[in-house]
Amino acid sequence: MATLIPTLNSCLARMTSGEKRFARLLEGKLEEDYLCWYDVAIGNKTLHPDYIIFHPCRGLLVFEVKDWKIDTLIALDKDHATLLTDKGECSVKNPLEQARDYSHAIVKLLERDPQLVFSGGPRKGKLMLPYAIGVVLTNITRKQFNEGQLAEAIPEHLVICRDEMVESIDAEAFQQRLWAMFQYKMRGLITLPQIDRIRWHIFPEIRLPEQRDLFAEDTNNPTAELPDILKIMDIQQEQLARSLGEGHRIIHGVAGSGKTMILGYRAEYLASLVKRPILILCFNRKLAETLEQNMLKKGLHEKVNAMNFHEWCRRQLTTYNISIPKQKDQTSAEKEKFHAVCVQQVIEHVDRKLIPSGQYDAILIDEGHDFRDEWYKLIVQMINPETNALLVLYDDAQSIYQKKKKIVFSQLGIQARGRTTILKLNYRNTVEILTVAKAFAEELLHAESRDEDQPPTIEPIGAGNHGSLPLLIKLPKLYQECERIADILIEHNQAGMPWQEMGIIYRWKYIAEEIKKSCQKRGIPIKERKDQIGINLMTMHASKGLEYPLVCIPAVGLPAKYEGSHEDEARLLYVAMTRATKHLVMTHGENSHFAEKLNTAIAATSNYI
Numbered sequence: 001m002a003t004l005i006p007t008l009n010s011c012l013a014r015m016t017s018g019e020k021r022f023a024r025l026l027e028g029k030l031e032e033d034y035l036c037w038y039d040v041a042i043g044n045k046t047l048h049p050d051y052i053i054f055h056p057c058r059g060l061l062v063f064e065v066k067d068w069k070i071d072t073l074i075a076l077d078k079d080h081a082t083l084l085t086d087k088g089e090c091s092v093k094n095p096l097e098q099a100r101d102y103s104h105a106i107v108k109l110l111e112r113d114p115q116l117v118f119s120g121g122p123r124k125g126k127l128m129l130p131y132a133i134g135v136v137l138t139n140i141t142r143k144q145f146n147e148g149q150l151a152e153a154i155p156e157h158l159v160i161c162r163d164e165m166v167e168s169i170d171a172e173a174f175q176q177r178l179w180a181m182f183q184y185k186m187r188g189l190i191t192l193p194q195i196d197r198i199r200w201h202i203f204p205e206i207r208l209p210e211q212r213d214l215f216a217e218d219t220n221n222p223t224a225e226l227p228d229i230l231k232i233m234d235i236q237q238e239q240l241a242r243s244l245g246e247g248h249r250i251i252h253g254v255a256g257s258g259k260t261m262i263l264g265y266r267a268e269y270l271a272s273l274v275k276r277p278i279l280i281l282c283f284n285r286k287l288a289e290t291l292e293q294n295m296l297k298k299g300l301h302e303k304v305n306a307m308n309f310h311e312w313c314r315r316q317l318t319t320y321n322i323s324i325p326k327q328k329d330q331t332s333a334e335k336e337k338f339h340a341v342c343v344q345q346v347i348e349h350v351d352r353k354l355i356p357s358g359q360y361d362a363i364l365i366d367e368g369h370d371f372r373d374e375w376y377k378l379i380v381q382m383i384n385p386e387t388n389a390l391l392v393l394y395d396d397a398q399s400i401y402q403k404k405k406k407i408v409f410s411q412l413g414i415q416a417r418g419r420t421t422i423l424k425l426n427y428r429n430t431v432e433i434l435t436v437a438k439a440f441a442e443e444l445l446h447a448e449s450r451d452e453d454q455p456p457t458i459e460p461i462g463a464g465n466h467g468s469l470p471l472l473i474k475l476p477k478l479y480q481e482c483e484r485i486a487d488i489l490i491e492h493n494q495a496g497m498p499w500q501e502m503g504i505i506y507r508w509k510y511i512a513e514e515i516k517k518s519c520q521k522r523g524i525p526i527k528e529r530k531d532q533i534g535i536n537l538m539t540m541h542a543s544k545g546l547e548y549p550l551v552c553i554p555a556v557g558l559p560a561k562y563e564g565s566h567e568d569e570a571r572l573l574y575v576a577m578t579r580a581t582k583h584l585v586m587t588h589g590e591n592s593h594f595a596e597k598l599n600t601a602i603a604a605t606s607n608y609i
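Position 21 of the sequence shown, counting from 1, maps to 21 under UniProt numbering, and the rest follow consecutively.
The hints are simulated quantities; they were obtained by calculation from the structure and are not laboratory data. Note that the coordinates shown come from a computational prediction; the quantities given were computed from them, not determined experimentally. Glycine residues also receive a C-beta, built at the ideal position from the N, C-alpha and C atoms. Any given hint could turn out to be false.
Derived lysine to any residue pairs resembling SDA-like cross-links, with alpha carbons at most 20 Å apart [claimed, not checked]:
| id | residue 1 | residue 2 |
| --- | --- | --- |
| 1 | K93 | D77 |
| 2 | K509 | I526 |
| 3 | K582 | N493 |
| 4 | K69 | L158 |
| 5 | K337 | A542 |
Between beta-carbon pairs, the in silico distance windows are [unchecked claim]:
| id | residue 1 | residue 2 | range |
| --- | --- | --- | --- |
| 6 | R315 | E386 | 22 to 30 Å |
| 7 | H301 | K231 | 21 to 29 Å |
| 8 | C57 | R123 | 53 to 61 Å |
| 9 | L296 | N9 | 30 to 38 Å |
| 10 | K337 | K298 | 30 to 38 Å |
| 11 | P325 | L471 | 44 to 52 Å |
Based on the provided sequences and hints, a complete structural model is requested.
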């Protein structure tokens, strides 16, 4: 079964009857290694082919689909068609020429990449990928096509007619008709990295955030700036991102599965459609800052508001001139009490209609696993009922702010049955880091099958990227741990890693003070403000949703007076460990209650890999 992007169910409402029949034919008659895009724009332009079909052994095929009938097709030549409509005669472009224009646009994009063209020979500089064009006439039979002498305008081998797209057609015969449209055959196979490059060029919206601005149309020498490895959404992520339809949606995804990236794509898509603002909410302030910066880079900051939930509550109270309780910052308990009072104030004033509901055309929630029941009940009231657009990203294994409990989404006002998706592949961490983290947190990650209306616990699966084994270093004193971490930071910086690509994640404040002393002694800059370059120093709670090539975690498992249960502490450490994309370094002292389990996990990973 071919992969259709977006999914068929998500785009039925905007398809013609002929486009629906052709989509079902593609899904049913092509194997799973076929990719088929329906009505997806090419490059940075507003060019929308009806269908782009790709196969790694065949090439690219661009189709235009027309529901014309023979008795309303007055004339057809190589350039134009004349049709009889309710408003009289009208002239439109020959659909084959439409497809040709789209294919030329695609080829122009791909031929700018040295890895996708022939490096020598008579076809030097030409695209190594075969490509072809075709037309589907969904209401004209082959007999009518021949009797109307339409082959003078569209060669007969480039047309699929009504009687050639029936459900009973043989799959092999259907595929042969497609590939007969090509002038030449593939030399060898297109590799997976080349497939990613093809998708990267044709569909820039699926590029990962750090590569969105590469290869711009107005660059004088674009190929000089093109990296060897291009990062994009995988097929499942792209299909999901393009298929998110109306109503309430929930994505259950493991750490590093691309949930936040899909949220960004969704925000950008909705921003082009809606009239009222879009709201992105999360729990973590640092993640909120990152999301806010991403919207700013995309030029969406005036349309999309990104903030953490408690800041949003405070702004609601301020905007509607509702008194805010005095804030005491001395202890975390007092901060939590302040936030709770603010939330309750917003809830009460929305109920009394002193704060208006329906303020946003869409609300997107990251870190949904850390939101409380009463927050959800409040949030769903803030969505414009005419759009009713809600997206919740959830990972039960990363729930670190409230006691574990079973929730039922429908009881919170979230109606997402039949509109939930699970992402299991972890792209953030190397196999080595993920395997150690999974082994350490195995009790937390035991996969559970629950009703669709409840959040499942999902065991992550590595995407196959390899790196160095995590380090676990034992030292007698905390200051010695911090000194060792400072040495490691300097080593990586001297090897070419910028300071801002490193993160130090700690559990308790006094650990951070010791780390600061060691860094200051060695001249290692620490990021204190948004626009400052330096090491990223943060608590385990604040690290959620973020990632760094190098992560160092001092004083792992160090007993403390105010810590929670071992399960809560293990969950926090799991979150911190999975922030590392390439290198993970952990240090501990004599009394660590996690050292033995971590050593066992690292040893088992070393033997396994």
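Checked hints:
1. K93 to D77: This hinted pair holds, its Cα atoms lying about 9 Å apart.
2. K509 to I526: holds, 15 Å
3. K582 to N493: OK: K582 and N493 at ~14 Å, within 20 Å.
4. K69 to L158: holds, 18 Å
5. K337 to A542: This hinted pair holds, its Cα atoms lying about 19 Å apart.
6. R315 to E386: 22 to 30 Å: holds, 24 Å
7. H301 to K231: 21 to 29 Å: Holds - the Cβ-Cβ distance for H301 and K231, about 24 Å, lies within 21 to 29 Å.
8. C57 to R123: 53 to 61 Å: violated, 19 Å
9. L296 to N9: 30 to 38 Å: holds, 34 Å
10. K337 to K298: 30 to 38 Å: holds, 37 Å
11. P325 to L471: 44 to 52 Å: holds, 46 Å
Checked against the numbered hints given earlier, this structure breaks only hint 8.
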